[in-house]
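J.: Start from the sequences, fold in the hints, and give me the full structure.
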Amino acid sequence: MKLFDFRVHEKAQLEFVHEEQIESMDLYPSKLNFIVGGGNKVSIWDIRTGKSLFEGRNNKKVVTNVKLISQGSRYITTSLDNYLKVFKSDSYEMTYQ
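Residues 1 to 97 (this note's numbering) are what the sequence shown spells out, left to right.
Derived by calculation from the structure, the hints in this document are not laboratory data. It cannot be assumed that every hint is accurate.
To be verified - No farther apart than 25 Å at their CA atoms in a straight line, the calculated lysine-lysine pairs in the DSS-like style are these:
#1 LYS67 / LYS51
#2 LYS41 / LYS60
#3 LYS85 / LYS41
#4 LYS88 / LYS61
#5 LYS31 / LYS11
#6 LYS31 / LYS41
#7 LYS11 / LYS88
#8 LYS11 / LYS67
#9 LYS41 / LYS51
#10 LYS31 / LYS60
#11 LYS31 / LYS61
#12 LYS11 / LYS60
#13 LYS41 / LYS88
#14 LYS11 / LYS51
#15 LYS31 / LYS2
#16 LYS67 / LYS85
#17 LYS41 / LYS2
#18 LYS85 / LYS61
#19 LYS85 / LYS60
#20 LYS41 / LYS67
#21 LYS31 / LYS67
#22 LYS60 / LYS88
#23 LYS85 / LYS31
#24 LYS61 / LYS41
As the list claims (entries may be wrong) - Just the calculated beta-carbon pair ranges, DEER-fashion:
#25 MET1 / SER30: 16 to 22 Å
#26 THR95 / PHE6: 36 to 42 Å
#27 TYR92 / LYS31: 19 to 25 Å
Note that the Cβ used here is the ideal one computed from N, Cα and C, for glycine as well.
T.: Structure below.
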């Protein structure tokens, strides 16, 4: 995935490698991090540094949607394994399945 800032340049400013086809993404309320889901993987990235903050494979099948809730303190994943899972954004601990 490539991040562009067309105000500055016409080429990508940062590249993020998720290693799976991206199905869904959401931006944290701070606008400094974002979450991506695809394959059976969820990644959280820091926009400022381009570094991965977290990579998890907590779903058995393709993650179809990721969504931040509770002002970004939790996130939800849904997948083709018919599960909806809720995680804490700070510890990445699953709180509901």
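J.: Which of the stated hints cannot be reconciled with the structure, identified by number in ascending sequence?
T.: Checked against the structure, the hints that fail are numbers 7, 8, 10, 11, 12, while the rest are satisfied.
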